[in-house]
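Residues per chain are reported as follows:
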Amino acid sequence: GDSVTQMEGPVTLSEEAFLTINCTYTATGYPSLFWYVQYPGEGLQLLLKATKADDKGSNKGFEATYRKETTSFHLEKGSVQVSDSAVYFCALSDGGYSTLTFGKGTMLLVSP
Amino acid sequence: DVKVTQSSRYLVKRTGEKVFLECVQDMDHENMFWYRQDPGLGLRLIYFSYDVKMKEKGDIPEGYSVSREKKERFSLILESASTNQTSMYLCASSFDAGEHSGNTIYFGEGSWLTVV
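In order, the protein sequence lines correspond to chains A and B. Here the numbering used here is used: the first residue of the first sequence is -11, the next is one more, and so on. Here the numbering used here is used: the first residue of the second sequence is 843, the next is one more, and so on.
Note that these hints are calculated values from the structure, not bench results. All figures in this text were calculated on a predicted structure; none of them were measured in a lab. Please note: incorrect hints may appear among the correct ones.
Stated by the list, open to error - Straight-line alpha carbon distances no greater than 30 Å define the calculated DSS-like cross-link-like pairs of lysine-lysine that follow:
1. B/K899 x A/K40
2. B/K895 x A/K65
3. B/K855 x B/K895
4. B/K913 x B/K855
5. B/K845 x A/K48
6. B/K899 x A/K65
7. B/K845 x A/K40
8. A/K92 x B/K899
9. A/K40 x A/K56
Claimed, not checked - Which residues of chain B face chain A? A partial, calculated answer using Cβ under 8 Å:
10. G882
11. L887
12. I902
13. P903
14. G905
15. S929
16. L932
17. F949
18. E951
To be verified - Computed list of chain B residues with no C-beta within reach of chain A, every gap over 12 Å:
19. S917
20. M930
21. G952
Even glycine gets a Cβ: it sits at the ideal position worked out from N, Cα and C.
Chain A on its own, in the form it takes in the complex:
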């Protein structure tokens, strides 16, 4: 079945550091790929998505490129802020009804 593997956290960075959170996936079809973010005490919000190979999703300074050859969708940001501290989930949707398969989440902690 489908699965998503993302790097374990927590990832601890200083403000303005470069961020990479790795995500790889296994799917039988041609999935769409997503990054969701969860701030403390809140539900999940869509951060960005890509629906086909070589697409780049971007939002709020975050980027991720759909790499079919490496089955990856790594999240990057050039300069993180304290307000980026949250849990980040990589997910895929493969087929009908938009059901999502999630990775286990990566906590990001950014210190001033």
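Start from chain A and add chain B according to the hints.
Here is chain B on its own, set in the frame of chain A:
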């Protein structure tokens, strides 16, 4: 903005009680979902519904049931709550994607359930 509203943010229930978690969305979405979130396990799909009165099991349906009598409302039911159902429950909704899997799913803020 899409609004997915979960009626209870925090609940404490006793073992064996019947528990109802209610969810309402205001965007006329066809699809609705219930996920469970646990530390180290991420989010796991319990049930989803693609139309009124229709439901499909997700990855972990055991111990749960659902009800969708109206398009905007999707309820998760724990028939007899147990301590291993202590968790964060997230409701979500989306438009019908058909064969296209790229539709965004919108989440509620979550319901923290503690079973004692």
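Status of each hint after checking the structure:
no.: 1; hint: B/K899 x A/K40; result: holds, 27 Å
no.: 2; hint: B/K895 x A/K65; result: violated, 43 Å
no.: 3; hint: B/K855 x B/K895; result: holds, 27 Å
no.: 4; hint: B/K913 x B/K855; result: holds, 28 Å
no.: 5; hint: B/K845 x A/K48; result: holds, 21 Å
no.: 6; hint: B/K899 x A/K65; result: violated, 37 Å
no.: 7; hint: B/K845 x A/K40; result: holds, 27 Å
no.: 8; hint: A/K92 x B/K899; result: holds, 21 Å
no.: 9; hint: A/K40 x A/K56; result: holds, 8 Å
no.: 10; hint: G882; result: holds, 6 Å
no.: 11; hint: L887; result: holds, 6 Å
no.: 12; hint: I902; result: violated, 13 Å
no.: 13; hint: P903; result: violated, 13 Å
no.: 14; hint: G905; result: violated, 20 Å
no.: 15; hint: S929; result: violated, 14 Å
no.: 16; hint: L932; result: holds, 6 Å
no.: 17; hint: F949; result: holds, 4 Å
no.: 18; hint: E951; result: holds, 4 Å
no.: 19; hint: S917; result: holds, 17 Å
no.: 20; hint: M930; result: violated, 9 Å
no.: 21; hint: G952; result: violated, 5 Å
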